[in-house]
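Just so you know, the sequences run in chain order A and B.
Using the numbering used here, read the first sequence as starting at 1 and increasing by one per residue.
Using the numbering used here, read the second sequence as starting at 428 and increasing by one per residue.
Treat the hints as calculated values from the structure; they're not laboratory data.
One thing to keep in mind: the hints can contain errors.
[What the hints assert, rightly or not] Below, a sample of chain B positions facing chain A; criterion: calculated Cβ distance under 10 Å:
1. Arg-593
2. Gly-596
3. Leu-600
4. Lys-603
5. Tyr-677
6. Tyr-680
7. Asp-686
8. Cys-760
9. Cys-764
[Claimed, not checked] Computed footprint of chain A on chain B, listed as stretches where at least three residues anywhere in the stretch have a Cβ under 8 Å from a Cβ of chain A:
10. 608-615
11. 654-665
12. 744-756
13. 767-775
[What the hints assert, rightly or not] Below 25 Å or equal to it, Euclidean Cα-Cα: the simulated DSS-like pairs (lysine-lysine) are:
14. B:Lys-603 / A:Lys-144
15. B:Lys-477 / B:Lys-499
16. B:Lys-762 / A:Lys-335
Note that the Cβ used here is the ideal one computed from N, Cα and C, for glycine as well.
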Amino acid sequence: MTETKDKGSPSLSRRSLLKAGLATGGAAVAGVTATGARAEGDPVITEIQDWNRYLGDGVDAAPYGLPSEFESEVVRRNVPWLTADAVASINFTPLHELDGIITPNGLCFERHHGGVAQIRPQDHRLMINGLVDTPLVFTMDDLKRFPRENHVYFLECAANGGMEWRGSQLNGCQFTHGMVHNVMYTGVKLKTLLEEAGVKTNGKWVLPEGADASHMTRSVPMEKALDDCLVAWKMNGEALRPEQGYPLRLVVPGWEGNMWVKWLRRLEVGDQPWHHREETSKYTDLLDTGKARRFTWVMDPKSVITSPSPQMPISHGKGPLVISGLAWSGNGRIKRVDVSIDGGRNWTTARIDGLSLSKSLHRFYLDIDWDGSELLLQSRAMDEHGFYQPTKNELRAARGENSIYHNNGIQTWYVQKDGTVENVEVG
Amino acid sequence: MSKLVKSLALTSALVASAMVAGSASAGDAAKGEKVFKKCKACHAVGDGAKNKVGPQLNEIYGRAAGSIEGYKYSKAMIAAGTDGLVWDEDSLTQYLKKPKDFVKGTKMAFAGLRKDADMENILAYLATFSSAAPSSGSDSSSAEPTAEKEALQTAAATSAPTSNTREGGVFGLGRKATDAEVAAWDIDIRPDGQGLPVGSGSVADGEPIYTDNCAVCHGDFGEGVGRWPILAGGHDTLTDDRPEKTIGSYWPYLSTVYDYVRRAMPFGNARSLSDDDVYAITAYLLYLNDIVDDEEFVLSNENFLEVRLPNEENFIPDARYEEPHYAEKSEPCMKDCKADPIEITMRAAILDVTPEDGGDDSAGVGAVD
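Looking at chain A on its own, in the form it has when it is part of the complex:
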C-alpha cells in the first residue's frame, strides 16, 4: 500500500511536481507522464489505489464545502512590501489558476482601508439623505422587498498593474493583473432606491459611504447612479463575503473598484462632488507635466494571458499548447482579442469562449502547436466601441511613469525553451 502511494504520488502537490520538473528542464517533465507508459502499465491503473478500495468521508464532513487538498496552492497572495499594515492593504486573485469567467468567492482579491468590518445583518442600516424628498433608513429586510436583478460584472482596482509603470517588476499575472475579479451580483438597482426617496432636481451627485473604520466615501455622478449601479447583498448566489462588504455593497459596473463602497451604510445626494481623500490624494492620475487627472472612473480595455505565465509554466514540452487568457473593458463587451507569439510583430485573433457580457471578464483561447522555441506572448483586447489596448510605451508617452492608476498596457511574457515564463518588456 505504502509503495503504491509513493509511486502514485497523490499527495505530491502539482506545484512540487512542476518545480521538480523545472529544475531538470522541460524535457524531463514530459517524463512524468511517460512513466505511465512503461511496459507493465501505469501503476495508478494497474494497482488498486486507496481511494479505489476504502470509503471516503460521508456527506457532512464539510458542511460548507472546501476545495480539494491538492489545490492548496490556489490562494490569494499579497506583496508585503507594498503597504505598511495588512489592515490597510491588498492581496491578489490567483488568475493563473482559474478558468472560465467567474471568480470563486474565496479567491476574489481584497483591498480594505480599515480591516474587514464584521457586521450582524440585523445591525446594518442603509440611509439615504441629502437632496431627497424624504430621507430614508432601510433594514436589510426592507431592501430584499424591492425588485431584484442579477448581473455579472468585473471589479478591477484602478491600481491593478500600478507597480509595472516603470517596467517589469513582478513575476506572475496574479501580481501584475490580480486586482480583478468577476462575480454575479444580486441586488436592487440604485435607481430604485433613489426613486423611493425622491431625488430633488438639483441632485447631481451621490456619495456612498461605508460603515467600516475607514468610512470610505466616493463621489458618483447621478448619471451613472441612475444607469446601471446596484446595491448588492449576494455574490455568486451566496451572501457577500465579509471581505467583500457583507452585508451590503455598491456595484459600479465598469468603473474603478474603489468606488464600489463595501459595508455600504449611506447614500447622500448632493449638487456637487465632495473631493474626498480617495478622489484627490488617491485615485487621481499624476502626469509627467505635474498636472493630475481627476475623476478617471472608467476601467479601460485590457487583457492578459493567464496561462502560460510565470506562475503557470509549460510543463508538457512541445506539441499542442492552450494559450488562455482574460479580457475586459469598462466600456462594455469585448469584441476581439488578438494574440502574438513573437512580441507583437504578427497577431492572430483568438477565440472568445463562453458568455460575452457587458463589463464582464471574457475568456479567450488560442490553440497552437508549440515547436519548443522561445515565445514572446502578448494579447491585445478591443472593445465593442473599437477602443483597443495600447502598448505600455504608448501609455508612458501620453502620461509619464507616475500615474500609478489605469495601467492597461499590453503585457509580454517571455517563454523559454524549458517552458519557464518571465515578465518582460520588449522594444
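Based on the hints, put chain B in the right spot on chain A.
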C-alpha cells in the same frame, strides 16, 4: 532565556501581581476595551490572537519581556527580558506611560498613555486575557460588559423591526430617517465649506494632539515612520522621478484634510477626536506643510475657506480617450507590425521582488494607492 531566569521571573510576577491586586480592580475592563483601540493597529489579544506589528498580548501578566517565540523583538526588549523584566501591573504602567523611557531602544512606536484612568482600564482589560493577573479585577469588570451587551441586544431586538413600510414612495418601503440619525452619520465636508461644524483650534493646540495621536505612524514632522503615509513636505516634486504626494505638495482642498482626519484617523480609533481637535490638527498639518508659519494661527469654520492649498489648480479632467492610441481607433496592425528585431528591454527577474511563500522584506518600487 535560561529556564532559571524564566522561573525566577514567574515567581516575581506572581508576587508582584498579588501585591497590586487591589489596584487592578480599580480599572474597568469594558472601558479598557475602548482604550485598546489605540493598540489595535499593532496588537491583537483574545482567542487566536496573532503577532502583528507588535506581539500578541494574551497572558501578558507574568510574561518575561520579549519572550514570544517567532516574534522579532528589538534587541533592547530581549535584553530587558533576559535581565529579568517581567510584565506586571507596575512594569506595564511604566512601559505604557513612556515606552521609550522605560525600555530604551524599544521599537514600539507608541507615544504613551497619558490619562491615569485609561491606564487602569487598559490594565483591567488585558488582565481578562491573563490567568496570572489579579483575579478580583477581571471578575468584577467582566460582569458589566456582558450585562451591557445583553441590554444592547434586547434593545436592538425590540426597537428595530426587521422590515418597515410607510406612506408614500414608490414601494412604501423603509422609514423616514430622523434628524438625529442623519446628523450622526452625515459628517462629510465639501470644498465649499458645506458640512463644516462650528469650532476652532490653533497650531499650538494641535501640536500635542498630533504628537499623542498621530506621530507614532506619521512621524513628528509628518515625515512618515517606516511605510506609514507621509503627510508633509514634497514641495515641487510632482515632476520628479519619485514625486512625494502630501497635503502640501499634492492635495487640492483643505476640506479633504478635515473630512478625512475626522472620519478615519487616528487609524484604529476613528471618530475619537472632537471637532475642535480636528481643527487644531488640521491647523498643525498646515504648519508642518509650511502653509501657515504662525504658531498662534487659529483655524475655524469662519476662516476655513480663506486657506487654499498650493496645488489646487493642477487638477484637470479625464482626457484619456483623447490620447492618440485611443483617439485614432484605427484597425490595429496584424502582420509584420514591427521593422526592427524585437528585443527584450526589461526583465522582472532582475529586480526579483516577487514574494516567495516564505515572505521576504525586499521592496520594489511603486504603490497601489
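Please verify that hint: Cys-760 of chain B, Cβ, nearest Cβ of chain A, below 10 Å or not. Because about 7 Å separates Cys-760 of chain B from the closest Cβ in chain A, which is inside the 10 Å limit, the hint holds.
For the pair supplied as a hint, Lys-762 of chain B and Lys-335 of chain A, is the alpha-carbon distance within the 25 Å limit? Measuring from Cα to Cα gives roughly 19 Å; hence the hint holds.
For the stretch 608-615 of chain B, does the count of residues with a C-beta closer than 8 Å to a C-beta of chain A reach 3? holds (count 5)
With chain A as the partner, please determine if Leu-600 of chain B meets the hint condition of a C-beta pair closer than 10 Å. With Cβ-Cβ at 5 Å, under 10 Å, it holds.
Verify this for me: three or more residues of the stretch 744-756 of chain B with a beta carbon less than 8 Å from a beta carbon of chain A. With 10 residues close enough to chain A, the hint holds.
Within 8 Å of chain A's CB atoms, at least three CB atoms from the stretch 767-775 of chain B: coverage verdict: Holds: 8 residues of the stretch 767-775 of chain B have a Cβ under 8 Å from chain A.
Cβ contact check, 8 Å cutoff: the stretch 654-665 of chain B against chain A, three residues minimum: holds (count 4)
Going straight from one Cα to the other, do Lys-477 of chain B and Lys-499 of chain B come out at no more than 25 Å? It holds: about 13 Å lies between the C-alpha atoms, which stays within 25 Å.
Is the interface hint for Gly-596 of chain B satisfied, with its Cβ closer than 10 Å to some Cβ of chain A? 5 Å, holds
Restraint check for Lys-603 of chain B with Lys-144 of chain A, where alpha carbons must lie at most 25 Å apart: 18 Å, holds
Do the numbers back the hint for Tyr-677 of chain B, that is, is its least Cβ distance to chain A under 10 Å? Tyr-677 of chain B check passes; min Cβ-Cβ to chain A is 7 Å, inside 10 Å.
Restraint satisfaction for Arg-593 of chain B [CB to CB of chain A, less than 10 Å]: Nearest chain A Cβ about 8 Å off; hint holds.
In terms of the numbered hints stated before, the structure departs from none.
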